[in-house]
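All chains, please: the whole structure from these sequences, using the hints.
Listed in order, the protein sequences are those of chains Z and D. Sequential numbering of the first sequence, starting at 1, is according to this note's numbering. Sequential numbering of the second sequence, starting at 1001, is according to this note's numbering.
Note that these hints are calculated values from the structure, not bench results. Hints may contain errors.
As the list claims (entries may be wrong) - With a straight-line cut-off of 25 Å between C-alpha atoms, the simulated PhoX-like cross-links for lysine-lysine are: (1) Z:Lys298 - Z:Lys43; (2) Z:Lys39 - D:Lys1338; (3) D:Lys1338 - Z:Lys298; (4) Z:Lys300 - D:Lys1338; (5) Z:Lys258 - Z:Lys78; (6) Z:Lys298 - Z:Lys258; (7) D:Lys1378 - D:Lys1338; (8) Z:Lys258 - D:Lys1338; (9) Z:Lys218 - Z:Lys173; (10) Z:Lys300 - Z:Lys43; (11) D:Lys1324 - Z:Lys39; (12) D:Lys1160 - D:Lys1265; (13) Z:Lys78 - Z:Lys218; (14) D:Lys1324 - D:Lys1353; (15) D:Lys1420 - D:Lys1470; (16) D:Lys1338 - Z:Lys43; (17) Z:Lys164 - Z:Lys218; (18) Z:Lys78 - Z:Lys298.
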Amino acid sequence: MAQAPVLPPGFELPLEPRLPRIGSIDAVALEERAASLAKRSIKRDAKVFALELAIRTIDLTTLEGADTPGKVAAMCSKAVRPDPTDPSIPSCAAICVYPNLVPTARERLQGTGVRVAAVASGFPSGQYPTPIKVADVRSAVELGADEIDMVIDRGAFLSGRYAKVYDEVVRVKESCGESAHLKVILETGELGTYDNVRRATLLAIAGGADFVKTSTGKIPSAATLPVALCMLEAVRDVYAETGRRVGFKAAGGIRQAKQAVQHLVLVHETLGPEWLTPELYRLGASSLVNDILMQLRKEKTGAYQSPDYFTLD
Amino acid sequence: MAELDRAAGSPAAPGDWTYAPAPESRDIVHLRERYGLFIGGRWVEPSETYATISPSSEEPLAVVGQASPADVERAVAAARAAFADGWSSLPGSERAKYLFRIARILQERAREFAVLESMNGGKPIKESRDVDLPLAAAHFFYYAGWADKLEYAFPNRTPKPVGVAGQIIPWNFPLLMLAWKVAPALACGNTVVLKPAETTPLTALLFCDVLRQAELPAGVVNIVTGDGSTGAAIVDNPDVDKIAFTGSTEVGKAIQRRLAGSGKKLTLELGGKAANIVFDDCALDQAVEGIVNGIYFNQGHVCCAGSRLFAQESIYEPLVDKLKMRLETLRVGDPLDKNTDVGAINSAMQLDKIRELVESGREEGADIYQPPCRLPEKGYWFAPTVFTNVAQSYRIAQEEIFGPVLSVLTFRTPEEALEKANNTPYGLSAGVWTEKGSRILWMAQRLRAGVVWANTYNRFDPTSPFGGYKESGFGREGGLHGLEPYLRFDE
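What follows is the structure, encoded as structure tokens:
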């Protein structure tokens, strides 16, 4: 058999019959579709369902230099019982903190079912040597994190060194071991185009991500609806091709209950009801919970209440 | 602790998230029991009447007039009088004031019109609210701008109004088609006798109230309701100077035959069987959205609907898989529910026609797919339908179905796509889906269709001319081109 001619890198032959494997995104149409889904009118029972689901999927987050054990402990209580006056309100899915605060969170959440997620791998920039990122992740796991939120190296991605991005995801996944779930943050606001968002999503999934996540929350442009839709469609394509279910986490800029409902509609109508579970869907947020609680109270009592009736943390 | 565990414990099974009904209130619409004919600025009692219904519930909404040839004659006389009595000689800037006023009133009363449009026509409220009404107002705004600039639109010629325009419009976009017809006619200084479609007269009748609010001089716009015989009376009336018709090719041909030798100006906007051509390098998920928008928008009651999907064979499978998956999320039901994507079929007659053609598709051997969806018991409904394995010779690939039915065909090369797309008696519109700019231009130059959309579909704008090739009609509506049918130039 004749030897196939050697092709320059980047020119691999598409041997899969199904084209296109990466494909492209039409920005105008993507944004239009996201905007039309955002117009869904979610009322009464459907709204209560969505709001409770939103709480169940929240990764309650604090990622500040000023975080202290005290602050994190308070947030843990909030995550377990978002509304102390209403025990029917479910707990959040997880809390998300820097590695140093994992032990505090671990201790406070013991036996509650609320998981501990740590950002690691040189969060938020990812501009560190790979061994340091891997060590960062390993230490977070050792400290007791159930979930790792890593960042991809956007510098490598934007300069076309996709292999480096991929390799790091693979290495980090290995460091997570059997127990820890891996969420890969793309920081979509820095990727520039939806084509890049799709490519990075597929790259992260190929590298072993359990979840793909939009943003760090550290830059203004974060989990917009079109970005979320773009990533959800990539997740859907992976499921259709391989049967593998990858989770999705929208994080950054989601502050109002209404936005949370819009994000849930997006998942519902893109991936279906199967994805409407904390196992496969998360909302990363720090200030969203109380707005949801206010909306829920309004649905139950018919009246809005002052923010003073909801505990800050 | 037990309680904490319950609260935090393993999440409930992924839920069936059923959206609660979110109906737009009908309270904003105040229908009268009976409507007469709007002639010479007054309501005239018709000799005969019929009931107009809601196609989604079959409930009668109001009784409207069936205009006789004598009624039409009165309407034409009123239009003629208004034309002679000052409208045609009014300065363009004055005519523009009325058009701007109408546009603004339409915007102010948009919700009322949108709700009524969905009640009488069966289209989803999100479409009447987000498409029909904004576009109708935009057409009046746009042509208001032309009214005092006609000499600049046609330099070195002397544009003059034609006279009395007889306008016959269809039931798929009742108010929008009225706007397409009335706005340029008035901007050019003509007066109008307009007949809305038999099944959807109500927004046109409500529009008379807008004319009153805008204080448009009596007789400038006259609205006569009725069936095809009323339309025929308009076409045959010797004092009508121009006919503008939008509707079926069959009726369009009949009108053209009747007008032969009469000297009346004519524009026809007729049927279509548009090709939506999807190349393998397109943005696939967005193309799927475009295909859905192309054929299920307004239940497929769109003359430019993308009813023939040409899929390049190399992406045929993923494309059809995605399309079917997407169809499952389409929400069919109450047109007034804000979450409805596909509403009711406009009439029992149209439903019969769709059923008949779909049956022919089955018999000829195409594979049918319809997503599981529960259709309401009352009213006229048809589930979104995709036919695969369709041959170019099948009736469902040749004839206009005018319903939510898509025929999928395949091609291998751009040349083949072009050949098959042009292989139809129609030529109203086409869609091209590819990320390659040069291919878009290559296709657009060669497609024999009045409108070619690239990486989008069913997008309308008052500044853009719209109209067909071949059996899809002639003349253009919209844009600068849309002025010409309403003007004469005797140098």
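The hints, checked one at a time:
1. Z:Lys298 - Z:Lys43: At roughly 12 Å apart (the allowed maximum being 25 Å), Lys43 (chain Z) and Lys298 (chain Z) satisfy the hint.
2. Z:Lys39 - D:Lys1338: Holds, because 8 Å separates the two Cα atoms, which is no more than 25 Å.
3. D:Lys1338 - Z:Lys298: holds, 22 Å
4. Z:Lys300 - D:Lys1338: holds, 23 Å
5. Z:Lys258 - Z:Lys78: It holds: about 21 Å lies between the C-alpha atoms, which stays within 25 Å.
6. Z:Lys298 - Z:Lys258: Distance ~13 Å between Lys298 (chain Z) and Lys258 (chain Z) Cα, so the pair holds.
7. D:Lys1378 - D:Lys1338: holds, 19 Å
8. Z:Lys258 - D:Lys1338: Holds: Lys258 (chain Z) and Lys1338 (chain D) sit about 16 Å apart, inside 25 Å.
9. Z:Lys218 - Z:Lys173: Holds - the C-alpha atoms of Lys173 (chain Z) and Lys218 (chain Z) are around 23 Å apart, at most 25 Å.
10. Z:Lys300 - Z:Lys43: Holds. Lys300 (chain Z) to Lys43 (chain Z) sits at ~13 Å (cutoff 25 Å).
11. D:Lys1324 - Z:Lys39: OK: Lys1324 (chain D) and Lys39 (chain Z) at ~23 Å, within 25 Å.
12. D:Lys1160 - D:Lys1265: holds, 14 Å
13. Z:Lys78 - Z:Lys218: Since the Cα atoms of Lys78 (chain Z) and Lys218 (chain Z) sit roughly 23 Å apart, the hinted pair holds (cutoff 25 Å).
14. D:Lys1324 - D:Lys1353: holds, 24 Å
15. D:Lys1420 - D:Lys1470: holds, 16 Å
16. D:Lys1338 - Z:Lys43: holds, 11 Å
17. Z:Lys164 - Z:Lys218: Status holds; Cα separation ~23 Å.
18. Z:Lys78 - Z:Lys298: Holds. Lys78 (chain Z) to Lys298 (chain Z) sits at ~20 Å (cutoff 25 Å).
No hint from the list above goes unmet by this structure.
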